[in-house]
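Sequences are here, hints too, so could you generate the full structure?
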Amino acid sequence: MADPRKSTDGPSTDSPDAWDHHKLPDWDDNFYDPDDFLAFASALSAPETSPSEEDLLNPKKRPEREFITALNDWRPIHQRVRGKQRPTHASTKAKRKRKSKRGRDETREGWTYSVLKYPFLLMVFGWLIFLGASYFITRLYIYVYEQWITWRGKRHRLRKELREQTSFEDWVKSAKVLDRYLGSDRWKEEDEYAYYDSRTVRRVMEQMKALRRRAEDEERGQRNGVGGQRPVDDLRALAEACVKNNFAGTENTRLYSETYYGTKDLVQQYVDEVSTTLRFLLSSRQLTEDEKRSLAKHLGTNFGRTALCLSGGATFAYYHFGIAKALLDADLLPDIITGTSGGALIAALLTTRTDEELKKLLVPALAYRINACSEPWTVWLPRWWRTGARFDSVDWAKRCSWFCRGSLTFLEAYRRTGRILNVSCVPSDPHSPTILANYLTAPDCVIWSAVLASAAVPGILNPVVLMRKNRDGKLEPYSFGHKWKDGSLRTDIPLKSLNLHFTVNFSIVSQVNPHINLFFFSSRGTVGRPVTHRRGRGWRGGFLGSALEQYLKLDLNKWLKVLRHLELLPRPLGQDWSEVWLQRFSGTITIWPRTRFSDFYYILSDPGPQRLAHMIHAGQLAAWPKLKFIANRMAVEKVIEDAREATRPATQPLPTPALAIDDGKGLRSMLSEEDLQALLEKAKSSHEPVEVPAGMLTPRNERSQRSKAQGAGVRAESPSLSRRFTGWLGGLQSPSATQSPRTSSETVRPSRAELRMEHLQPERRRASVIDELRRQAGVLWDDPEVDDGETASETEHEEGVVTSEDENVVHPEEDAAPYGVEHHEIRDGHSTVIRRRLQGAAPPRIVFGSDESDHEDGGADPNYARRAEGK
28 MADPRKSTDG PSTDSPDAWD HHKLPDWDDN FYDPDDFLAF ASALSAPETS
78 PSEEDLLNPK KRPEREFITA LNDWRPIHQR VRGKQRPTHA STKAKRKRKS
128 KRGRDETREG WTYSVLKYPF LLMVFGWLIF LGASYFITRL YIYVYEQWIT
178 WRGKRHRLRK ELREQTSFED WVKSAKVLDR YLGSDRWKEE DEYAYYDSRT
228 VRRVMEQMKA LRRRAEDEER GQRNGVGGQR PVDDLRALAE ACVKNNFAGT
278 ENTRLYSETY YGTKDLVQQY VDEVSTTLRF LLSSRQLTED EKRSLAKHLG
328 TNFGRTALCL SGGATFAYYH FGIAKALLDA DLLPDIITGT SGGALIAALL
378 TTRTDEELKK LLVPALAYRI NACSEPWTVW LPRWWRTGAR FDSVDWAKRC
428 SWFCRGSLTF LEAYRRTGRI LNVSCVPSDP HSPTILANYL TAPDCVIWSA
478 VLASAAVPGI LNPVVLMRKN RDGKLEPYSF GHKWKDGSLR TDIPLKSLNL
528 HFTVNFSIVS QVNPHINLFF FSSRGTVGRP VTHRRGRGWR GGFLGSALEQ
578 YLKLDLNKWL KVLRHLELLP RPLGQDWSEV WLQRFSGTIT IWPRTRFSDF
628 YYILSDPGPQ RLAHMIHAGQ LAAWPKLKFI ANRMAVEKVI EDAREATRPA
678 TQPLPTPALA IDDGKGLRSM LSEEDLQALL EKAKSSHEPV EVPAGMLTPR
728 NERSQRSKAQ GAGVRAESPS LSRRFTGWLG GLQSPSATQS PRTSSETVRP
778 SRAELRMEHL QPERRRASVI DELRRQAGVL WDDPEVDDGE TASETEHEEG
828 VVTSEDENVV HPEEDAAPYG VEHHEIRDGH STVIRRRLQG AAPPRIVFGS
878 DESDHEDGGA DPNYARRAEG K
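Following our numbering from start to finish, the sequence shown increments by one per residue and tops out at 898.
Because the hints were derived from the structure by calculation, they are not lab data. There may be inaccurate statements among the hints.
Claimed, not checked - Using 20 angstroms as the maximum straight-line C-alpha spacing, the simulated PhoX-like pairs for lysine-lysine come out as follows:
1. K215 with K200
2. K236 with K271
3. K425 with K510
4. K187 with K203
5. K665 with K324
6. K386 with K50
7. K203 with K215
8. K496 with K425
9. K203 with K181
10. K50 with K387
11. K425 with K501
12. K319 with K665
13. K588 with K144
14. K271 with K588
15. K144 with K585
16. K181 with K200
17. K187 with K200
18. K319 with K271
19. K271 with K324
20. K496 with K510
This is how it looks when you write it as structure tokens:
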């Protein structure tokens, strides 16, 4: 949880540093290039490539256009008509009648639909108004019941003290005092509970603890346990069986809804034991690297990942700052963050800044950078009357570019912070599917354009064009220049897409939509907020009050679905508004900050420092009761993710954009053919080792993994007798065999073009006939095949071929013959020692890295010492 000494926390809302905007990181840097916004303005003014939505829905208002199409691939567009016919009045009238049918929705045809549509619509609207009024009265009754009957005396005083705390540590102390007064301590000590399997949890925990102690004793005895059934194998099988999402109900939200802080003691002990066991398994010397990698991958798939979802809600979205600050101070901020509309702006800030920068940014002084609604009504009112939107798209792009740290793309943001940003965007075309933009689906898309598209509410901001960054760093339209708009209209919380792309099955939803917040009601309490009635064992407002609230809310939802399925709802601005109420707005944990009625008045205005300080504090108070549940979940998830990162092998180059390797976590950069030729020529001309830049090397964590694997007892397979003999024979013809073996940091494989270039040089001397016969005679006793894990370069040398690692092709030995090539394949399969004799000159060398650790990775040829000793 959070550091009790607060050494890792950012400034609190009452700290003087939190109110000085000069201490904000990059407070005076706007992070935008005028050329980027000029390209954005040009894309907005470009004509549509297809009929727009307004043309299809309002055919009478659309301008006169001629949509050209062909009947098929063989008939021309304009066909010649024989003879000229004078149009009659009847034919002209029929043609107009057919033209007016363009754009009509065929599902709405029929006289019964036309006659019954509006009467049925008025009847349903009247019933919805009655249900809404009844729901308001029911909620008012429950509020009065809780305030005047339940919360009285010492209980009311303790809860008031709980809500007045300004730090998480003080809040935890007050929560424990309130739990002790309500008798929740006795509930924690009891194992039995109807919402999880306590017997299975206790049996698994005791068995896991016993196996872990036996495995630790065996590891301290330095026994590798090869062969037979080891305790570590049984422990691994048990972990694979029980470490999964909501095993035996241990992640049921009801387990955390009976107290203000904490859960059952048995559940807490089980979570702690699972974390300890996984750390032991994934760091034990009794398991190989492949076994650890397989175990971590299996556990990650079963357990899943956690995502933070930030909803829309105009300026209500600034409450997200408090939720993010509470998670960040407790070191519980997930790596996967998604945002919609106003939440997309907050998500962009969280994923483009590091933890150190965020701790200085999530303060009241941040209000000095929030100026999206600073225009007076004399400016935005004429614009709204002229364009139908209150805000200008280009101006908003400039203002929100600071939050997105300039024109960063989704892939660049992932490279910088390691967090995955997801933004929901809805196409202007009503028939196209929505998109969840991230570094996988839209890696080159500029973040601020996606944020604008996700905030383009009809009437507030017109649909915009997504922009992408090309190889030259210039911006251009994305997805054929189509327009996009507010993502909260269809997918405010994209849980399905998150599960599809990143295996997210545990979601933390920060919900601040005002039209949804009014209908949120948890009859049996929520995480960290138990029911006040009957010391947390009853129903809010009594059973009858909760039952009436549930019925009215479900009935409202039912009639809204009836209107949507019968297509009775009108479509103002060409949008189906039913999804605004009928989509899913909650997650595994849903955080609802306490809003004020004044927030509705300032719903489209920028907050000042005082108002932003209140929003941050309100968000923290709403998030603190959830932190214990989130901490137990993240304790297991972080162990699995760290193990997957530590055991991940070097990724082969893919056609997708390569990730950064500054921290050794990205894809490995590969040497191109042109770079390799340049380095070889430089080595030949200078006759000295040439150092390769660090960006072209294998990541350091891969080398350390190989070193650990060799230190754990992973031996290289011994070569066959024939290979030893051919290696000795090769040593006779190469005087350089007595040289010290080279490590992988001094190795390089030439390209095919380089070999051909060397073959064409006339000044090189070909090998003698005796040497050529000796090389070709090696095929008589050499092995016909080479195993996957063994060295193959000696076989290739004796057979007179050179195998290219990148293209899997065989080159004739005569291309390399002028240099007396001798190959020594390195065990890791990434490089090959190629030594050449250039008429007595020292062979050219390319040194891959100058760090001494490069010579400790076990990359030298394991057969070299054997051949030297045999000689």
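Among all the numbered hints in the text so far, which are the ones the structure does not match? Number 14 only.
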